[in-house]
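Q: Residues per chain, in single letters:
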Amino acid sequence: MLDPQLICYSWITGISDVAQVVFVRKRLVEIQYFRTTIAKNNARNSAVWSTTRFAVLRRPNSCRIAASGFRRTLAPTARMSASVWDNRNWSTPL
Amino acid sequence: MTYSYTQISQYLSCPRRYRYRYLDGWREKDTRAAMLFGRAFERALSAYFQRDDPGAVLFREWAAHKDCDLEYSNGTTWDRMLQQGVQLLERFGQDDRVRVRQPRKNLQVKFTRPMPKGNDFVAYIDAIGQLDGTRCMLEWKTTFQPVPGRTAGTADA
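Chains as they are written, first to last, in my numbering: chain A, 81 to 174; chain B, 81 to 237.
Bound-form chain B, shown alone:
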């Protein structure tokens, strides 16, 4: 059997949900706008590193959900999220702190590690690249709330 971080964390949080999804094969219909936007934004980031137009990719990917009956949280809208996404892409380019060389090879990189009894553990890493010149494994996350307790050391002080 092949395990993943998401799979194991879902089992730990709700074994029944794990069973429905991974053993019985049920898939939840995802109507959460934030989740779908996150996927669209990740594709836009990939476009950014591949020197495509990330704004156009974000619009195209996000537009696919425009007329869907999505659950928007915190009173936001489809248009507002698009605007925020474009601003974040601009900000990301302005910062220019993350580099990914050979993006086709170093984006969404699959790693597999053998486990006992013939099992495997698999992970898809968002990117292998550099942050401020230091080579590292990179993960993206889109969220409505900033990660707390890390305001010290803000770069825009």
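Pulled out of the complex, with its shape left as it was, chain A reads as follows:
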């Protein structure tokens, strides 16, 4: 399910292409990259996920901090949940 915060921020910025970079602090750290296009009505979207794990180093690559690189494999298209904005009646705050 897409983070509703991303939907909200897409709405306020007017930018339909959104991405989330998730830094995972586990024993072998990993970074998840998530990019999606949020349609105006949020009926569908296409999403690309990929993950890199620190422990798997493949080929060298120039980098300001260290050196390695990965080939990238795109994930299949995913369906997004319905809009959190379009069908919600907001209560009046306290």
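Careful, some of the hints might be misleading.
To be verified - Only pairs whose alpha carbons sit at most 30 Å apart, straight line, appear in this in silico DSBU-like list of lysine-lysine:
no. : chain 1 : residue 1 : chain 2 : residue 2
1   : B       : Lys190    : B       : Lys221
2   : B       : Lys146    : B       : Lys109
3   : A       : Lys106    : B       : Lys146
4   : B       : Lys221    : A       : Lys106
5   : A       : Lys106    : B       : Lys197
6   : B       : Lys197    : B       : Lys146
7   : B       : Lys221    : B       : Lys197
8   : B       : Lys221    : B       : Lys109
9   : B       : Lys190    : B       : Lys109
Keep in mind the hints are simulated off the structure, nothing from the lab.
Since chain A is already given, all that's left is putting chain B on it; use the hints.
A: Chain B in isolation, oriented as in the chain A frame:
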């Protein structure tokens, strides 16, 4: 009144907490190590895009909490979290998939949208940049658990 995503989500999850914080002005003393580390890590990311030393920034920001009585979850420690943070910064640089041009302008960007009855909705976007060459709005998140159900398409296969 000015609203934000966090404000509204807190109201939906616990109206009383919303009242204490946003109407009565109480602020919770945050002792959660994960939360404080996340803020330190975001500053390190900003340093990364501004071509400063992100590791040094992470150490400096995180060191400010070293002697505090923090709540560490999952049996982790201050040192372990620092180590993980440095590894993540290295990994992020190695991946080199995210670009933010003009970082002073495109990091922590404030957006305001007018709402009915004179209200506003405000958001601070972590970054406007590119992921794999595609221009997009970017949000960072630090967590102990990977986002589930997205292991297909891993880039290190």
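Q: Sort out whether Lys197/B lies within 30 Å of Lys106/A, counting only the CA atoms.
A: 46 Å, violated
Q: Please work out if Lys221/B and Lys109/B have their alpha carbons no farther apart than 30 Å.
A: Holds. Lys221/B to Lys109/B sits at ~21 Å (cutoff 30 Å).
Q: Starting from Lys221/B, check that the Cα of Lys197/B is at most 30 Å away, please.
A: At roughly 33 Å apart (the allowed maximum being 30 Å), Lys197/B and Lys221/B break the hint.
Q: Sort out whether Lys146/B lies within 30 Å of Lys106/A, counting only the CA atoms.
A: With Cα atoms ~20 Å apart, Lys106/A and Lys146/B stay inside 30 Å; holds.
Q: Quick one, are Lys221/B and Lys106/A close enough, alpha carbons at most 30 Å?
A: Distance of about 14 Å is within 30 Å: holds.
Q: Does Lys197/B pair with Lys146/B here, judged by a C-alpha cut-off of 30 Å?
A: Outside the cut-off at roughly 46 Å; violated.
Q: Is Lys190/B close enough to Lys221/B, meaning Cα to Cα at most 30 Å?
A: 18 Å, holds
Q: Sort out whether Lys109/B lies within 30 Å of Lys190/B, counting only the CA atoms.
A: It holds: about 25 Å lies between the C-alpha atoms, which stays within 30 Å.
Q: Holds or violated: Lys146/B and Lys109/B, Cα atoms, limit 30 Å.
A: Since the Cα atoms of Lys146/B and Lys109/B sit roughly 16 Å apart, the hinted pair holds (cutoff 30 Å).
Of the numbered hints given earlier, the model fails hints 5, 6 and 7; all others are met.
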